[in-house]
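S.K.: As a plain string of letters, each chain reads:
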Amino acid sequence: MTELCNIETSKKTNLKSYWPLFLIPLAVVVYVFLEAGVNFLVDNVFRLDKGAHLTESIRFFLYDTPKVLLLLTVIVFVVGIIRSYFSPEKTRKALEGKPLFIGNVMASLLGIVTPFCSCSAIPLFIGFVESGIPLGVTFSFLVAAPMINEVALVLLFGLFGWKTALLYASTGLLIAIISGWVIGKLKVERFVEPWVYEIKAGDFQIEEVKVTFYDRIQAGHTAVVDIVSKVWIYIVAGIAVGATVHGYVPENFMASIMGKEAWWSVPLAVLIGVPLYSNAAGIIPILQALLEKGASLGTALAFMMSVIGLSLPEMIILKKVIKLPLIIIFVSVVATGIMIVGFLFNIIY
Amino acid sequence: MKIEILGTGCAKCHKLDELVRATVKETGVIAEVNKVDDIKKIMTYGVMTTPALVIDGEVKAAGKIPAKDEIMKWLGGK
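Quick mapping for you: the protein sequence lines, in order, are chains A and B. All letters in the first sequence, in the order written, are residues 730 to 1078 by our numbering. All letters in the second sequence, in the order written, are residues 65 to 142 by our numbering.
Among the hints, erroneous ones may be present.
Chain A stretches covered by chain B per the calculated footprint, using a threshold of three residues with CB under 8 Å from any CB of chain B [as the list claims (entries may be wrong)]:
hint, segment
1, 815-827
2, 845-852
3, 911-918
Read the hints as simulated data drawn from the structure, not as lab findings. Even for Gly, the Cβ is constructed at its ideal location relative to N, Cα and C.
Chain B with its partners taken away, still in its complex shape (with noise of 0.2 Å):
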């Protein structure tokens, strides 16, 4: 599983990123986890709120830090 935190650097982003990785080392999924800063490349996923999280290419959230539970059912659910 890839998996890709888009943001440009502000707290929130850091806080998904941290959260994202918490969350896969809770589950025990083996995933990949990139933090994307460059904006060029954030935007060809279109979004235009950060922080976003991509789930293998697929924009699962953009604009706010998803709840836990969240996060966790996109990780299992794969």
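This is chain A alone, in the form it adopts within the complex (with noise of 0.2 Å):
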């Protein structure tokens, strides 16, 4: 997970309470009446047109803005209570020693939960390769963990329903897994460079402070306080659009270039994605908008993946410790991963 390369911690304040706790059940309560609220809004308050265009857009935004900040809020904050769980260097001592396939499997699993900035990026690879992780489940790690992260499993979730973000999580999850164990099978290792097996890294020991429940709280916290001043705007920005569009524009817009017959969409998409690069927040703007005016599933997905999972700053950082060639099978395997996926998605649907 890449997002969590926050840098004002300064202004942190200390909690020292559970309070966070006792608002869960609340944001559920607000979730489950949300609707029907908006809707009274409307109806009842307003005494809007019901079923005119500027009515439904309104009633849209009305709902869904809400929605999708709770969810996000609430996600959020519990995937920061169980990052505090994990570490780098935990999941490094949990893949020693595994075996190719089950240490791919766990490596995407474990690149899901730890905390992990990209500009790590170096320090980590190193550590892993250091300590006789196979390269390939390294790289199942990179790739599960910008992939994959609560962000974009909320944003689809919200606005997309469950089908969608599943498919999503277990896809992104699938590309980790078997991209990693392709490039284990490549015997890549000569295109590493040879002073990261010279490395003899310190054995290092932090003390081991005492975590307490308080401190994971305030992990969950923080996590909201970084996430979601970060993204609110994009998600706000991405449901207006969403609204604009559900209620104007005609469908099937772009179903002649971004649909399911135009099967150079997948490739295009991710030709496009690759070298692109944003956050998921700011890229859910854009597929709100591709899938309202008829891009099919899978085409929208791959662009999603090929942004927000190889991003070309990761790859200039990466490439201070492996060469080019290797670069270039990282980014192929990966690519066709997600190309793969898009086709899938689109004769599914």
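Two chains, two separate frames, one set of hints: put the complex together.
M.R.: Structure below.
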């Protein structure tokens, strides 16, 4: 997970309390009554013309914005607490000595929950390699970490339904497992800079400070403050785009270029997506617009995965430790995986 | 006292560097603050996440920017 690269910690408030926990049931109650509340507001308080384009756009916006923000806050909080139980050091320990396939599965799963910022990609890479974790397993981790993140999951769940969210998470996981496994089979060790193997990393033992549950709540709270303050604007923009499109733009507007029939739309989406870099929140408004206008789900998902899963900045960072051929192999294997997922979705739906 | 900030040049690393320098100034401790950019040197400490804070050869924090009062404690506790 790469979005925890927050830099503002000095203004951190010390909570020392359980109160955020009690807000979760409250959020659930609000969530349950939200639709009825918005309908009441639109139909009985504003007395808007039922069925009119504008009314339905307003209804959509008023309902979706709080719904998604609420979901986001709760999930980011819970994930923040879960993540406080993990660290790259613990993950490395868990992966040491694991055989290839099992190692790939574990690395992909751990990639989802381990707090990790892409600017730490090199020390992490060296740390893994140095303790004997196979390259293929390391790559599974590096693919899963950015690809599957809670912000993307929440947004897909909130805007497109649980099926899309689940499909996204499971196929993302599969791509991470299989690409890592393939890279492992390709015997690419010779493309790692030789000095990486020469490093004798010191044995680092940070004093185990006792982490209380207060601290974990604090971690969840910090995650909410960091992430929600960064992404809310994209989400509101995305829903606004969705709401406008919802009421006005004719359906199937995009169908001819990004619909199912245009098979080449998937590779094209990936080709455009790989060099682009954005967080999940930034890409959602675009996705929303594409899907509403008739782009097929497979094409849209492939685009999203290639934008958040593969990024130019990360490749440039990794270039310091691995040689160009391996970067190219890495990108092509993952991009191929994304394309297969895109085609599959377009066939199924 | 010898303080090292390990980091390959991300935003967080600069932030920690600034914070440590400011804290050192505030407490008035005599300390030499160095920023270590070289990845090989960073790895000799065995950290896997940057930025990391090393005081007199001992890793105090890794992968996060510690709170200011924590840094104060480490500076004063020596």
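S.K.: Under a C-beta cut-off of less than 8 Å, do 3 or more residues of the segment 911-918 of chain A approach chain B closely enough to confirm the stated coverage?
M.R.: violated (count 0)
S.K.: Examine the segment 815-827 of chain A for residues whose CB is less than 8 Å from any CB of chain B, and state whether their number is three or more.
M.R.: Contact hint for the segment 815-827 of chain A vs chain B: holds, 4 residues under 8 Å.
S.K.: Taking 8 Å as the Cβ threshold, is the statement that the segment 845-852 of chain A is covered by chain B upheld or broken by the three-residue rule?
M.R.: Answer holds; 6 residues pass the 8 Å Cβ test.
Of the numbered hints given earlier, the model fails hint 3 alone.
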